[in-house]
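Start from the sequences and build out the full structure, keeping to the hints where you can.
If you want the building blocks of each chain, they are given just below.
Number of protein chains: 2
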Amino acid sequence: MSQPFDIDELAQKLIAGNRVALAKAITLVESTREEQQLQSAELIEACAPHAIESKRIGITGVPGVGKSTFIDAFGSKLTESGSKVAVLAVDPSSGVSHGSILGDKTRMEKLSADPNAFIRPTPSSGSLGGVARKTRETITLCEAAGFDTILIETVGVGQSETAVHSMVDMFVLLVLATAGDELQGIKRGIMEMADLVIINKDDGENASYTKLSKASYQQALHLFPAKESGWTVPVLSCSSLSGSGIDDILKSTESYFNHVRVGGFLEMQRANQNGYWLKHAINEELNHRFYSDPSTKVRMEKLTDDVKSGKVSPFVAARELLKNWSYKS
Amino acid sequence: MSQPFDIDELAQKLIAGNRVALAKAITLVESTREEQQLQSAELIEACAPHAIESKRIGITGVPGVGKSTFIDAFGSKLTESGSKVAVLAVDPSSGVSHGSILGDKTRMEKLSADPNAFIRPTPSSGSLGGVARKTRETITLCEAAGFDTILIETVGVGQSETAVHSMVDMFVLLVLATAGDELQGIKRGIMEMADLVIINKDDGENASYTKLSKASYQQALHLFPAKESGWTVPVLSCSSLSGSGIDDILKSTESYFNHVRVGGFLEMQRANQNGYWLKHAINEELNHRFYSDPSTKVRMEKLTDDVKSGKVSPFVAARELLKNWSYKS
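First to last, the sequence lines map onto chains A and B.
Take the first sequence: its position 65, counted from the start at 1, is 64 in numbering that gives the first Met the number 0, and no numbers get skipped.
Take the second sequence: its position 83, counted from the start at 1, is 82 in numbering that gives the first Met the number 0, and no numbers get skipped.
Keep in mind the hints are simulated off the structure, nothing from the lab.
Note that CB positions come from ideal geometry on N, CA and C, so glycine has one too.
Hints are not guaranteed to be accurate.
Each computed DSBU-like pair below joins lysine-lysine, with the alpha-carbon atoms no more than 30 Å apart [said to hold, decoys possible]:
| no. | chain 1 | residue 1 | chain 2 | residue 2 |
| --- | --- | --- | --- | --- |
| 1 | A | K296 | B | K322 |
| 2 | B | K310 | A | K23 |
| 3 | B | K322 | A | K23 |
| 4 | B | K278 | A | K307 |
| 5 | A | K296 | B | K278 |
| 6 | B | K301 | A | K278 |
| 7 | A | K322 | B | K296 |
| 8 | B | K296 | A | K278 |
| 9 | B | K226 | A | K310 |
| 10 | A | K12 | A | K109 |
| 11 | A | K322 | A | K310 |
| 12 | B | K278 | B | K322 |
| 13 | B | K210 | B | K226 |
| 14 | A | K310 | B | K23 |
| 15 | B | K322 | A | K278 |
| 16 | B | K210 | A | K322 |
| 17 | A | K12 | B | K307 |
| 18 | B | K12 | A | K307 |
| 19 | B | K307 | A | K278 |
Simulated restraints on C-beta separations [to be verified]:
| no. | chain 1 | residue 1 | chain 2 | residue 2 | range |
| --- | --- | --- | --- | --- | --- |
| 20 | A | Q36 | B | L211 | 55 to 61 Å |
| 21 | B | T177 | A | Y290 | 46 to 52 Å |
| 22 | B | P114 | A | K226 | 52 to 58 Å |
| 23 | A | E300 | B | R298 | 32 to 38 Å |
| 24 | B | T295 | A | K23 | 30 to 36 Å |
| 25 | A | E8 | B | N271 | 46 to 52 Å |
If you want it as structure tokens, here you go:
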């Protein structure tokens with residue numbers, strides 16, 4: 000029916016767990032072309048009812064903390080225990096900054112050769128809002144393809160965490176043990192979101208600082224108000240290289256999911272997140288309708304200069320632009 | 000023509016500098032009633048061409064830092080030097096939290112009796128976005144009424160600063176001199192916005208710490224990248240009670256405005272701000288049209304439950320809601 004994708008066929012293959020179909024479907028979702036966006040919406044509609052309830056885990060930390068090697072070790076442990084793991088990323092800056100997460104699949108050597116793992120780099124361009132939305136839709140596709148654990152990597156430098164927080168059930172913060180003031184450079188807001196703090200690279204020289212660092216982080220976490228979920232945030236440590244500590248981390252994430260499922264927090268958080276994405280999608284579509292209207296472009300160009308130079312008030316201009324505009328579907 | 004305000008008459012009086020008319024006009028702008036919002040748009044349209052280019056200065060600092068007494072002293076100095084000063088506030092939380100800024104005009108004893116000053120408390124309710132927009136519109140009204148300096152007070156606890164930053168030319172951060180770790184509690188983002196840091200309450204016991212505090216703040220400011228405006232952020236001190244230091248602060252703000260006017264930064268920043276508000280106003284109106292449509296409410300209620308419970312994907316629901324919706328003006 001549709002060109003170049005047959006959406007029904009693609010959806011069927013995806014739901015059957017076909018990885019090539021999943022990769023193709025994500026490419027469709029990431030496309031910014033009008034026609035492909037319509038197909039993407041159809042695809043999501045076909046896949047959504049088949050999405051299983053996965054564990055969605057966000058993983059953050061400053062560059063250099065070892066997110067990729069951690070995900071390689073942690074993800075492999077998950078697949079060993081019978082899980083199917085999808086690894087996604089939200090990093091809108093990756094097009095610009097080098098040494099970026101997931102750009103290099105070879106950083107996840109074990110996982111990239113694992114038939115029960117699926118790794119997808121971050122969409123290469125777009126605004127944070129756009130990338131986040133596409134990632135949210137990609138989660139649905141992965142769940143429809145049978146992945147029961149979704150790991151979402153994000154570079155720990157700012158607003159990406161808030162975006163990721165709107166789509167995960169659990170938020171893991173990776174840090175390094177250092178001798179100095181180890182809390183520096185980690186934003187308060189990010190600490191506050193964490194459901195689990197992991198001191199990575201607990202090996203070599205760093206290992207001697209781990210104990211002290213653990214105490215510092217535990218102390219810092221005490222300064223925050225209690226989590227709404229009632230969960231007490233543990234501080235664990237691991238070596239992603241040797242694999243030590245990974246078992247305990249797996250146990251801790253399982254405890255977390257038991258806790259939030261039993262207490263009803265998981266359900267409530269997902270309801271809020273779904274409400275957020277509904278509003279977000281409506282807002283996006285309303286803006287799209289307005290800005291993609293050819294008549295808007297002509298009138299915007301004319302008015303924008305006058306608004307920027309202060310000749311016309313932005314509110315007067317907005318009113319003028321919208322006065323005679325209506326959307327015909 | 001319109002009830003209960005005659006917009007033309009109100010605009011004329013306001014432009015002539017009538018304070019009662021200005022107060023009435025702001026009340027109209029702050030109204031959330033549909034009919035009054037239309038009148039408010041007409042009013043802004045009539046006033047905007049008469050707005051003079053004022054100096055718009057944002058003033059922030061944590062509760063207790065003495066913002067009101069500082070504005071009383073600084074504003075009085077401004078009117079003495081021939082300025083007409085309007086004092087506004089952005090504090091969406093003021094309806095809830097007590098001890099709030101500007102709630103009590105008596106905190107600005109001199110200024111509230113000054114014929115060349117106009118003090119307006121923060122709108123008592125509404126979302127941050129809503130309050131910010133109304134404040135932005137109120138600036139235009141004050142400028143049309145001949146006020147050449149607009150001071151915008153904001154409580155230094157979070158997002159309000161970002162909102163205020165989208166409407167001011169200069170951002171002033173008030174802090175206290177303390178013996179301890181004086182940078183604690185001030186967010187990095189707020190320090191980064193500051194064009195001038197003032198150590199307030201440089202009197203009594205505090206005075207002995209001022210010198211050390213100045214050095215700490217100067218050092219902290221060095222850690223930030225250079226300002227886009229090319230301006231070097233000074234750290235000054237004053238006693239709002241005795242008035243000492245206020246003259247230097249006045250001189251420093253004048254230097255700042257000279258600097259950004261000559262360098263073209265002021266013009267560029269205002270152009271960006273106007274562009275931001277144009278987009279903001281368009282977005283607001285598009286959402287208003289959708290959510291205030293009676294048919295939306297009925298359909299939203301039906302779908303929201305299914306979205307929240309995860310039965311329907313938020314993106315599928317958004318598409319469904321918007322498919323047959325169009326706005327008729």
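- Message: Going through the numbered hints above, which ones does this structure break? Give me the numbers in ascending order.
- Response: Checked against the structure, the only hint that fails is number 16, while the rest are satisfied.
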